[in-house]
Each structure stands twice: as structure tokens, then as C-alpha cells.
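Chemist: Residues per chain, in single letters:
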Amino acid sequence: MKKKKQLFAGLILMALGLGTAQADYTLNLMKGVTKVSNDIYDLHMLILWICVFIGIGVFGTMFYSIYHHRKSKGHKAEQFHENTTIEIIWTIIPTLILIGMAIPATKAMIELDDVQESEMSIKVTGYQWKWEYEYLDNGIHFFSSLDEASNKARQMNSGIDPRSVPNYLLNVDKPLVIPTKKKIRFVFTAADVIHSWWVPDLGWKKDTIPGFINESWTSVDKAGTYRGQCTELCGKDHGFMPIVVIAMDEPDYNAWVEQQKAAALAEASSADKTWSTEELVAKGQSVYETNCASCHMVDGAGLAGTFPAITKSPVVTGDIDAQVNLMLNGKGMMPAFGKILSAVDFAAVVTYTRNGLGNSVGDSIQPSAIQALQSATPAADKNE
Amino acid sequence: MSAVVAEHDDHHDHHDHGPAKGLLRWIITTNHKDIGTLYLLFALAMFFVGGAMAMVIRAELFEPGMQFVNPQFFNSMTTMHALVMVFGAVMPAFVGLANWMIPMMIGAPDMALPRMNNMSFWLLVAGVLLLASTLFMEGGAPASGWTLYPPLVLQTGNALPFAIFSVHLLGISSIMGAINIVATIFNMRAPGMTLMKMPMFVWTWLITGFLLIAIMPVFAGAVTMLLTDKFFDTSFFDAAGGGDPVLYQHIFWFFGHPEVYVMILPTFGVASTIIPVFARKPLFGYSSMVYATAAIAFLSFIVWAHHMFTVGMPIAGELYFMYATMLIAIPTGVKVFNWTATMWKGSMTFETPMLFSIAFVVLFTMGGFTGLMMAVAPVDFQYHDTYFIVAHFHYTLVPASVFILMAAGYFWLPKWTGHMYDERIGRLHFWLSVVSVNILFFPQHFLGLAGMPRRIPDYAVQFADWNMISSIGGFIFGASQLLFLYVVIKTIKGGTGEKVTDEVWEDAAKHSLEWTLSSPPPYHSFTTPPKVIPTEHF
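Chains as they are written, first to last, in my numbering: chain A, 436 to 819; chain B, 2 to 539.
Since the hints were made in silico from the structure, they are not lab data.
Watch out, some of these pointers could steer you wrong.
Covered by chain A, according to a simulated footprint, are these stretches of chain B (three or more residues, beta-carbon under 8 Å) [to be verified]:
no., stretch
1, 333-343
2, 358-367
3, 372-383
Cβ coordinates follow ideal geometry from the N, Cα and C atoms, glycine included.
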């Protein structure tokens with residue numbers, strides 16, 4: 436048994452000496468950047484030390500016995516088989532330790548649960564496989580998916596070394612931005628299956644459940660970038676929907692809000708202009724790779740039995756209005772993209788699928804036409 | 002006693018109670034030893050099948066980036082690895098041990114319901130084969146985790162109904178096995194074998210039997226609701242139709258939490274059987290062991306939602322499930338203290354079964370510690386669904402249940418076959434296993450705390466080093482198990498050539514009745530009841 440421990444200590448040293456560039460990995464829970472996450476960290480350390488202490492007592496006794504009370508040393512077995520006093524002691528002492536643990540745990544739990552008096556609210560919706568963020572106070576709204584560099588590197592045998600990608604699998608195209616030192620209430624739901632939103636630095640995770648609303652809150656003390664991941668198995672790309680939260684001090688945050696509002700206006704006006712087929716196809720490719728490729732594959736080949744191919748698909752090469760309708764309202768596992776994509780992105784990706792990925796139908800659709808359809812159809816029911 | 006039985010064995014031609022000849026013997030057998038052997042061999046085979054799936058998982062996780070399997074197949078592997086190991090390996094192995102040992106331990110000739118015994122084994126085979134067949138179906142095997150949470154599980158391809166019917170078959174098989182065990186223990190004990198004289202293994206299985214009878218129908222109900230949601234337009238778990246996906250999780254874990262105790266209680270029983278023999282002392286605190294087992298079984302029914310602390314329960318629910326879960330530490334602690342006290346001032350020797358049992362006590366306790374940490378709801382908000390959880394439940398399953406199954410194999414193989422296993426290879430197997438299992442699972446604590454979620458096929462590069470170490474441990478552990486296969490085959494074929502005594506281990510007959518029978522024991526264990534009943538209080 437001693438040998439085992441020595442070997443293990445050796446392994447730890449070996450690992451520490453491996454000398455890779457990732458100096459920032461940790462062995463322990465992170466303290467995080469909120470009061471709650473610090474309370475949780477303290478609670479974690481308290482219980483860890485209690486366990487270590489009990490472990491030393493129990494294993495120490497056992498190893499003493501294994502060393503001294505062995506037949507090869509000529510030790511004769513005693514034949515006792517009960518002792519009421521000691522049995523009562525080792526029932527009562529653990530009970531007292533547990534009560535000692537339960538008190539701070541209850542306090543932390545009550546603190547975590549209290550979403551009252553929050554200063555702003557953000558709605559988080561989980562999708563296969565991205566996050567939607569809606570700022571309920573100022574109307575800012577966007578989707579956040581795995582960044583392009585990680586997405587390319589994570590393809591099977593991509594030939595790209597993940598170590599060469601900054602923040603591999605922990606980076607997104609559009610991070611969630613929050614102000615520091617404000618109590619922010621999050622409300623969580625999901626569009627398809629259950630996901631779970633976790634940023635370790637905030638100290639908690641919460642499941643996002645289709646048809647139900649969950650709540651949680653945070654108040655970040657320090658400006659910075661905090662990364663996390665989906666933690667509830669949600670299908671094939673569960674490992675590829677990270678979360679990035681950027682906490683900004685008040686003035687920076689306000690500037691960001693203004694910038695977002697301006698960008699939303701520009702986006703709306705670009706829907707009014709007339710786009711050429713080439714422009715649409717060019718834009719459509721990146722929209723496709725972000726929103727469609729995880730199921731229909733980058734080359735449009737789909738996945739036999741689960742996700743239909745785009746290339747030579749009767750829908751994509753058939754009537755354009757039928758394709759637009761299907762994409763607006765969704766079908767089965769296919770989400771209703773009418774609500775997810777902007778009019779420009781929607782028109783671009785329709786045009787791209789009809790004129791790229793091995794298809795050459797030749798027609799296109801204008802963003803203005805999509806805009807008219809989006810405002811005409813009520814938000815589609817996403818559950819089939 | 003053994004003399005009487007040996008005579009019976011030699012003259013079985015004058016009545017027709019011997020085994021049938023050839024392959025048919027194994028298909029139609031109603032004998033508790035034959036069925037026990039079938040269960041154990043089937044479990045061993047499935048241990049390697051499930052292990053091969055684990056090797057696929059560890060190979061993909063060896064380095065960051067996607068190298069060997071696509072993410073969908075990776076998810077199928079984690080799902081099938083768990084289902085095969087739980088329902089195909091660990092549970093059947095303990096049913097196999099129960100079949101072999103319980104009649105011999107309580108002084109009975111056979112199990113109470115021998116025909117049902119045969120049927121429950123073959124239903125198990127049918128269930129596992131049906132499950133395995135889903136690997137070859139369009140859309141792939143289930144990939145939603147062994148918990149089969151909706152709505153995700155409803156996205157399974159053609160495999161879904163087959164997986165659900167397989168769960169039904171496995172459930173029926175388990176229930177029949179459990180009924181048989183409970184009926185045997187209540188009705189077939191030799192005169193004088195009172196409940197409080199039964200070996201701990203029998204006690205733990207009696208309690209486990211009741212757990213199984215209570216929970217398997219619940220699981221069958223849950224998956225049946227999945228079936229009707231998918232094919233008959235019901236909305237049990239669909240919010241759009243007035244249902245609730247979280248309802249499934251409540252039902253599943255009402256089954257699932259006792260289910261993990263189904264795998265650990267018989268483990269406790271075997272450990273309580275082996276440790277006293279090699280410490281040459283009676284088990285310390287026999288009656289408190291019985292009460293602790295019953296307490297753990299009772300608590301297992303009222304703590305289920307600690308698997309769901311992050312689903313958004315009201316605070317009263319969170320606090321209740323936290324307090325109730327913490328309580329489990331008390332009877333579990335009593336057990337660990339009792340095993341330590343059993344070793345204390347004994348006269349210990351360290352044959353392979355004892356080595357595995359000591360490793361079990363130490364490493365299971367470590368799994369218990371992390372379990373206590375996770376019981377604390379606010380801290381579980383960080384641990385939940387990370388590799389910390391993976392490390393925890395593997396510590397309570399692999400170096401606990403699996404190690405004890407190995408210990409049981411080494412402990413009773415000489416009794417079952419009449420041949421001694423190769424102690425040198427047994428010890429080599431132990432040391433390789435105990436070192437590699439820690440290289441495999443200990444780093445996963447660090448990974449989870451550092452923020453690596455479970456069930457992901459690829460990971461951020463700061464997790465690379467510990468994943469590689471964990472994978473190396475996994476490969477060594479996997480390869481080491483081939484030694485066990487070798488030992489088992491060699492022992493069946495004649496072992497070391499050394500003829501074992503009836504007792505096999507020094508003074509073992511003081512502890513339990515099976516050691517009063519010949520090695521190997523007669524086809525029908527006790528045709529006349531034993532006259533002297535050993536007790537743990539000798």
C-alpha cells in the first residue's frame with residue numbers, strides 16, 4: 436500500500452514536469468470571482484479536510500493493524516467481536532461532524548437560491564448546439580456558438596493541432612457580456628433537449644429545460660473573461676457548445692450596449708437593400724458553417740439515417756418557397772430557423788444551399804422577402 | 002458431512018438427479034451451481050465487452066482533438082459501456098455468486114425456484130443480446146447516457162424500442178432472480194440457521210433482493226412512458242403536451258439510486274465474508290452490520306434527487322435531499338469501522354482475496370468521501386456532471402464492486418473447482434490492478450475540479466495531461482484483467498495441481514457452511530441438513 440502512494444506521488448511529479456505550455460491547469464476547484472463561488476470553495480475545502488482527517492485516522496489504524504497484526508509476525512488473533520461503547524462512539528461522532536457540515540452548507544444554499552432584488556435579467560436558451568442570450572432589459576439578443584478556429588480543429592483528423600488554437604473548445608463567436616458589481620438574474624430554458632449552463636468561476640451550473648424556466652443569479656466582482664461549457668449531455672455536439680462570459684466595468688459595458696444597438700439597426704437596414712446572388716452565396720457559406728454544418732456536415736453530405744444530405748436534396752433543389760417554409764418553421768429535429776437567423780442570414784443560407792454544396796439551381800431569395808415572411812408568421816411552435 | 006455427500010456424488014447413477022450430458026446440460030439446467038456458473042461466465046464475458054467500450058472511450062480521450070470515433074459513436078460508447086457493465090456484468094455476477102453460494106451457505110440442496118432460475122438467466126442473455134444488437138441499427142445505439150433522459154433519448158434512431166424492450170427483459174430477469182433469492186433465504190434455511198446466524202453475504206442479498214423487486218418495475222414504467230411518448234403521442238415528458246422532462250429524472254433516480262446499492266450491498270457482504278477468514282477473527286459487529294445494511298437500503302429510497310440538484314428544485318427540496326444524503330455516511334461509516342475492527346488484533350495473511358478486499362475497503366472509502374462531498378448541494382453545483390462525478394462513481398464501482406468480484410473469484414474458485422489457483426499470478430493481477438486503477442481514476446478528480454464536463458469526446462488543452470495519464474492507467478488496467486481470465490481458465494483446467502481441502506482456507510469452516518462440503522461440492526449441495534450451524538460469534 437505504501438508503494439502505491441509513493442508511485443502515485445511520483446506520477447504527480449511526473450505530470451507536473453511534463454512541461455507543456457498549459458501552466459494554468461489546476462488540481463483543485465477554482466475559487467471563482469463571486470462571493471457565492473468563494474463560499475462554495477470554502478465549503479469544498481472544509482469537507483475535503485474533514486475527509487482527509489477521517490481518512491488518515493481510518494487508514495492509519497488499518498495500516499498499523501496490517502503491519503503489526505499479521506500471522507507472519509506471529510501475532511495471535513484475539514476473538515472479540517463486539518464492543519457496544521465503541522460502536523456508539525463511532526456512530527455519534529460522525530453524526531456531529533455531519534451537523535457541523537450541514538450548517539454552513541444550508542447558509543450557502545439559501546444564499547444561492549435568493550434571486551430577489553436583481554438589477555438586470557438575461558434569458559439563456561439552450562439549443563443543439565449553441566446558446567441564445569436575450570437581455571430582457573434592453574432588447575439585445577444574439578446566439579453564441581463555438582468559434583470557427585476550434586470548430587475546424589475539432590473535425591475528425593483535421594490535421595490542426597488543438598494546442599495551436601487559442602482557447603480550444605472554450606471560445607465562442609459572440610460572448611455574453613455582463614457588467615461587474617451588479618446582481619444579474621439569469622432565467623434558463625431550452626429549445627430542444629436539456630442542456631446545463633456552467634461557468635465554474637461563477638460557482639454554479641443550472642439545467643436549461645425545454646418548456647420550463649429556471650433561475651439563478653450572479654454578481655461578478657472583477658472584470659475579466661470567464662469560460663465554461665454545457666454540462667448536460669445534449670447530443671453529438673454536447674462537447675462543442677462552450678460559454679464565454681466577459682465581465683466589464685460599468686462604462687465599458689454601457690459602450691458595448693450602445694455598439695450592439697447600432698449594429699442591430701445596421702443589420703435591419705441591410706435587409707432592405709437588394710443583394711446579388713454572389714453576395715448571398717458568399718455570406719451564406721459562413722452562416723451555413725455556423726448553423727447547419729454540425730448536422731448536415733460541412734460538405735452537405737448529412738449523416739445517413741439521422742440528418743438528410745443537402746447535396747441533391749429534393750427539398751433544396753425543388754421549389755424555393757417550400758424550402759423557405761420548412762426552414763422557417765422547422766421539422767422534427769430541425770429547429771425553426773425563422774426565429775434564429777436574421778433575414779439577411781436566412782436569405783443568404785437559402786441561396787447558398789441552392790447554389791453551393793454541389794447544387795446549382797441558380798435562383799436566389801432576397802432578405803426583404805424573408806423579412807416579410809418572418810413578420811407575417813407568428814413565432815412557430817418549436818416542439819413538433 | 003462431506004463424506005456423506007461425496008458418497009452421494011459417486012453413486013448418482015442410481016437416480017436421475019445428475020446433470021444432463023453435453024451442451025444440453027447448460028441450456029436446460031435447473032441446478033443452482035450450473036446456473037451460477039452460467040451467470041458468472043456470462044458476466045465475465047460482458048466485463049470484457051464493456052471494458053472494450055471503455056478502451057474506445059479512453060483511446061479517444063488520450064489526446065485532445067478527434068482521432069478515432071465520431072462524437073455520436075462516442076456517446077453510444079459511454080451509454081453502452083454503462084448499460085453493459087451495470088446490467089450485463091456487475092449485477093449478473095452478483096446473481097451468479099448468490100446462486101452458487103446462498104444454498105451452500107444456508108444448508109440447502111438448491112434454490113427454491115429452480116425452473117424460474119433457468120428462465121431468469123436466459124432472459125438476461127436475450128436482454129443483453131437485444132441491447133448489443135442496437136449497435137448495428139440505423140442511427141446507432143442509444144447515445145443519451147445510461148440514464149436515457151428525455152427529450153434527448155427520443156432522438157435515438159431505430160434502436161430506441163429495442164433498447165426499451167431490452168430494459169424490460171433485463172428487468173424481468175432481475176426481478177425473477179431476486180424473488181428466487183428471497184424465497185430461498187426465507188424457506189430453505191437448515192434447521193438452526195436463524196436469520197441472525199446467516200452469513201453477511203446472505204443478509205446483504207436478502208436486502209438487495211427486496212430492493213430489486215421494488216425498483217425494477219419503476220424503471221420498466223419509466224421506459225414504457227418513453228416508448229408511448231415516442232410512438233403513441235403521449236406527453237408524459239413533453240412540456241408542450243403538459244408533461245415534464247424532469248418527471249422522468251425523478252422516476253429514473255427513484256430506481257437509479259437503489260440500483261447503485263444493488264451493486265454495492267452484495268459487495269459489502271462478500272467483503273464481510275472474506276476479511277474475517279484471513280484475519281482469523283469473527284466479523285466485528287455482526288448485528289450492527291445487518292442493521293447498517295438495512296439502514297442504507299432504506300435511505301437509498303429517499304435520497305434520489307441528489308442526482309438532480311441542478312434541475313431547479315425548490316430550496317426545501319434541495320435541503321431535504323442534502324440532509325438525507327448526508328445521513329448515508331453514518332451506516333456506511335459503521336461498516337468501514339467494523340471491517341477495520343475485524344482486522345484489528347487479528348492474525349492476518351494476505352492471499353489474493355484478502356488483498357483485493359483490503360484494497361476495496363480503502364478505495365471504496367475514498368469513493369465514499371467524494372460521495373459525502375457531493376451530498377452537499379451548493380458544492381455539488383460545481384461538481385455535478387463533471388469528471389469529479391465520474392471519478393466518484395468509478396471508485397465505488399471498480400475498485401469496490403469489481404475488486405470484490407475478483408476477490409470472490411479467487412476466494413471461492415478452489416471450492417467450486419477443487420483446484421487451487423496460481424497465487425503468484427493472482428498477486429500480480431492484484432498489484433497491477435490496484436496501481437493502474439488509481440492511475441486511471443484518481444486524476445479524474447483533478448479534471449472534474451478543474452472544470453472538465455463528463456460525456457465529452459474532446460476537451461480543452463489544459464485537461465490534456467491528466468487525460469493522457471488516465472488513459473494510460475486505463476490501458477494497463479484493461480490489459481491486466483486478461484491475467485484474471487487466464488487464472489480462471491487455468492484453475493478450471495486443474496490449477497496448480499495442488500489438491501485443495503474441503504476448508505481451502507485455514508479454519509474457514511468456522512465462518513460459513515460452504516467450507517464443510519467437499520471441494521468441488523456435490524451437485525446438490527445439502528441433501529440432508531447440516532447438524533452444526535457456524536455463527537459469526539464463534
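Chemist: For each hint, tell me whether it holds in the structure or not.
Modeler: Checked hints:
| no. | hint | in the structure |
| --- | --- | --- |
| 1 | 333-343 | holds (count 6) |
| 2 | 358-367 | holds (count 5) |
| 3 | 372-383 | holds (count 8) |
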